[in-house]
Amino acid sequence: MSQSNRVIFYFALVAILFLLEGLTNFWIFTGSWDTSVSILNMALVSAVMALGVNLQWGYAGLFNVGIMGFTALGGLAVVITSMQPVGEAWEAGGARVLAGLLIGALTIGLTIMLRTKLPKGNARAVFTIVVLVGGFFIYRSVFDPGVEAIEAVNPSVAGYLGGLGLPVLLSWPVGGLLAAGAAWIIGKTALGLRSDYLAIATLGIAEIIVAVIKNEGWLSRGAKNVNGLPRPVPNPVDLQADPAFIEAAARFGMSPVEASTLYIKLGYALLFTAVLVIVLILAQLARHSPWGRMMRAIRDNETAARAMGKNVTARHLQIFILGSAICGIAGAMMTTLDGQLVPTTYNPLRFTFLIWVMVIVGGSGNNIGSLLGAFLIWWLYVKVEPMGQWLAQVSTAGLDPNNWFAVRMTDAAPHMRLFTMGLILLLVLRFNPRGLVPER
Amino acid sequence: MDFLNALVMLTNFIIIPATTYGAQLALGALGVTLIYSILRFSNFAHGDTMALGTVVTIGITALFQSWGITLGPLPTALLALPFAIIVTSLVMIGTDQVVYKFYRAKKAATIVFVMASLGVMFMTNGVIRFLAGVKDINFTDGERFLIQARAFKEWSGLDQPLALRTTQALTVVVAVIVVAWLFWFLNRTRTGKSMRAYSDNEDLALLSGINPNRVVMVTWLIVGILTTTAGVLYGLDKSYSPFTYFQLLLPTFAAAIVGGLGSPLGAIAGGFVVAYSEVVVTYVWRAVAGYVLPENLQPEGLLQLLSTDYKIAVSFTILVIVLLFKPTGIFKGQSV
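Sequences listed follow chains A and B, in order.
In terms of our numbering, the first sequence opens at residue 10 and continues consecutively.
In terms of our numbering, the second sequence opens at residue 323 and continues consecutively.
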């Protein structure tokens with residue numbers, strides 16, 4: 010099969026899977042269009058992420074294990090952009106918190122300045138420590154009372170600063186910017202060293218970003234979650250009250266409630282498709298530009314590229330920031346779709362590892378491949394659990410339900426995902442490292 | 323008296339826990355460093371291998387207990403440990419045969435190994451969740467304390483208690499034995515010497531007739547001993563849960579890199595650097611300051627530099643500092 014025929018075949022397969030999900034409730038399918046569109050929506054978001062990761066890995070060979078962190082920053086961006094500001098909280102401690110953060114940033118800035126200006130030696134070391142320790146204590150003494158005051162404001166519904174009250178769609182680029190900032194810091198530290206250092210550093214920063222979002226109540230309400238994020242699509246209650254909509258729903262033979270949820274989900278699907286198409290076109294243009302060729306040249310032979318006068322570390326930093334920003338945008342899209350920020354849901358399997366499997370399975374270096382991988386693997390990820398339950402049922406059919414194996418099989422069905430995804434990655438890496446749609 | 327009280331507090335809340343944790347991290351970091359110097363990649367599956375060893379130990383311990391075999395005052399897990407080490411080492415050698423051997427033969431890039439280890443990590447994670455679920459498991463038995471808090475208070479007449487748990491003392495003793503054996507093995511035996519030769523210069527080692535397959539196999543065997551011991555000691559000291567073991571990965575890497583990847587001595591030093599920094603930075607210093615400082619200088623706040631929720635940030639910060647200023651680590655590892 011030629012490459013383009015193969016692409017058509019695989020996409021047809023994906024389409025059939027989504028159609029089956031809507032049409033039949035046989036085996037692992039639910040027979041609900043609502044579920045089908047829900048899976049599609051998450052697949053679209055994952056596809057955007059996969060394009061970002063493909064930029065880093067496929068174009069430049071950078072191994073980023075911190076996708077979860079950049080996604081979480083995107084989620085945070087939705088809160089700080091689109092929620093209404095909590096006036097009382099701002100009065101209570103907003104200024105203190107901002108001043109504290111400013112002092113923190115100034116301390117780090119001053120340290121960096123000292124270290125570049127002063128000559129090497131004991132004096133520099135002493136100054137560095139004095140500035141850092143002093144700055145830290147001033148920062149804490151300004152920052153902490155502010156946080157306490159904010160978190161005391163109406164804790165059951167607010168207890169945080171709120172956002173800027175801007176349109177929610179604006180939070181998508183903001184998410185990209187936040188992720189890009191974090192990527193800049195990481196890239197500056199770990200790029201240009203051994204290739205696995207970037208992996209370790211990104212793993213760490215992702216855990217820290219999620220820890221911050223989980224614990225800094227003044228910023229994100231932490232474990233209390235932020236509910237009721239504004240939607241970029243119509244409200245279901247408004248739709249159900251609209252006579253024209255009820256009439257249209259009746260024409261399709263659906264109840265107003267059913268029709269309104271489907272309508273809203275399709276609305277999201279359209280928005281996500283728009284973003285996906287834009288990112289895909291830009292990524293393809295970049296790939297076929299001189300810049301893209303330079304990136305691949307660096308990936309294939311760093312030494313040769315360096316000999317040609319290319320600044321490898323700077324180019325790596327550039328593409329690392331770009332890819333992470335795309336993950337940030339996707340993270341914001343995902344939180345917008347959920348309508349709430351739940352910091353405890355961020356886990357490395359779902360947000361880092363799964364995207365990796367998508368890129369590798371689809372074909373690293375090939376944008377269409379990443380797209381295909383995203384659709385296929387997301388579909389599989391959703392369906393592994395029902396498959397696991399089915400497997401548990403079949404394998405323990407004749408056994409006493411209290412049998413050790415039967416108990417473990419039934420308990421373990423939700424954890425099948427970890428095992429299956431790991432297995433798929435290993436199999437593809439071993440037997441088909443170029444993926445379903447190889448790079449040309 | 324105040325000074326003595328402060329000293330006891332420091333011992334109780336910093337020196338004992340940090341030394342224990344440091345010994346556990348050091349064992350973990352030794353494994354990371356060995357894999358790095360012999361197989362030349364950072365093994366992301368390390369934390370989950372520790373968990374696997376612990377899960378197997380938990381299973382065998384339960385079996386022994388059901389047979390009525392215990393170690394008296396010591397935890398039964400200690401008796402189960404050798405069997406668990408055999409199982410874990412076999413699993414690791416098997417994994418190597420199925421997964422890593424192929425890439426070694428192909429002389430694949432380091433990053434491919436790292437990726438494969440990520441796949442192994444998630445598969446292992448799936449297996450341990452299948453075997454032991456996701457809940458916390460406490461598998462310590464035997465005598466809980468060597469020094470009891472109340473007994474110490476009565477004996478010394480101080481206000482501050484001092485407690486030493488059996489598992490804490492055991493951790494240090496076992497870790498010292500394992501490390502001493504490892505150094506003896508690497509420096510004195512023929513196999514150990516061939517491992518070091520292979521690590522220093524692969525081509526020269528092959529030329530002088532060292533069998534690479536044997537070196538790799540022995541490495542996995544030793545890594546199995548180190549990870550299982552580290553995991554079991556950590557589990558005895560705290561408790562077992564798949565999530566905490568996954569999160570041990572970062573401090574372990576930080577320890578190995580601080581010490582200098584590839585340097586066994588560095589891994590041990592790194593383990594203690596990371597453990598002490600973590601405990602010191604997240605400790606609430608107010609009470610100690612209350613004993614040591616004069617009354618008019620008493621602090622108002624808790625004097626806690628960082629909330630315990632950000633423990634992971636400590637290892638990360640150490641990692642970043644090392645990467646920025648001394649990428650080869652304290653003991654000049656191989657990495658650049």
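If you're looking for bench data, these hints aren't it; they were derived computationally from the structure.
Do not take every clue at face value.
Unchecked claim - So the derived label-pair ranges between C-beta atoms look like this:
no., chain 1, residue 1, chain 2, residue 2, range
1, B, Gln-419, A, Pro-442, 47 to 57 Å
2, B, Ile-336, A, Phe-145, 54 to 64 Å
3, A, Val-266, B, Gln-419, 49 to 59 Å
4, A, Ala-232, B, Arg-512, 36 to 46 Å
5, A, Leu-400, B, Thr-511, 29 to 39 Å
6, B, Phe-565, A, Val-166, 50 to 60 Å
7, A, Ala-232, B, Ala-384, 32 to 42 Å
8, B, Asn-535, A, Leu-110, 54 to 64 Å
All C-beta atoms in this analysis are idealised placements derived from N, C-alpha and C, irrespective of residue type, glycine included.
Right, here's what the structure says about each hint:
no. : hint                                : result
1   : B:Gln-419 <-> A:Pro-442: 47 to 57 Å : 19 Å, violated
2   : B:Ile-336 <-> A:Phe-145: 54 to 64 Å : 20 Å, violated
3   : A:Val-266 <-> B:Gln-419: 49 to 59 Å : 56 Å, holds
4   : A:Ala-232 <-> B:Arg-512: 36 to 46 Å : 56 Å, violated
5   : A:Leu-400 <-> B:Thr-511: 29 to 39 Å : 47 Å, violated
6   : B:Phe-565 <-> A:Val-166: 50 to 60 Å : 30 Å, violated
7   : A:Ala-232 <-> B:Ala-384: 32 to 42 Å : 34 Å, holds
8   : B:Asn-535 <-> A:Leu-110: 54 to 64 Å : 56 Å, holds
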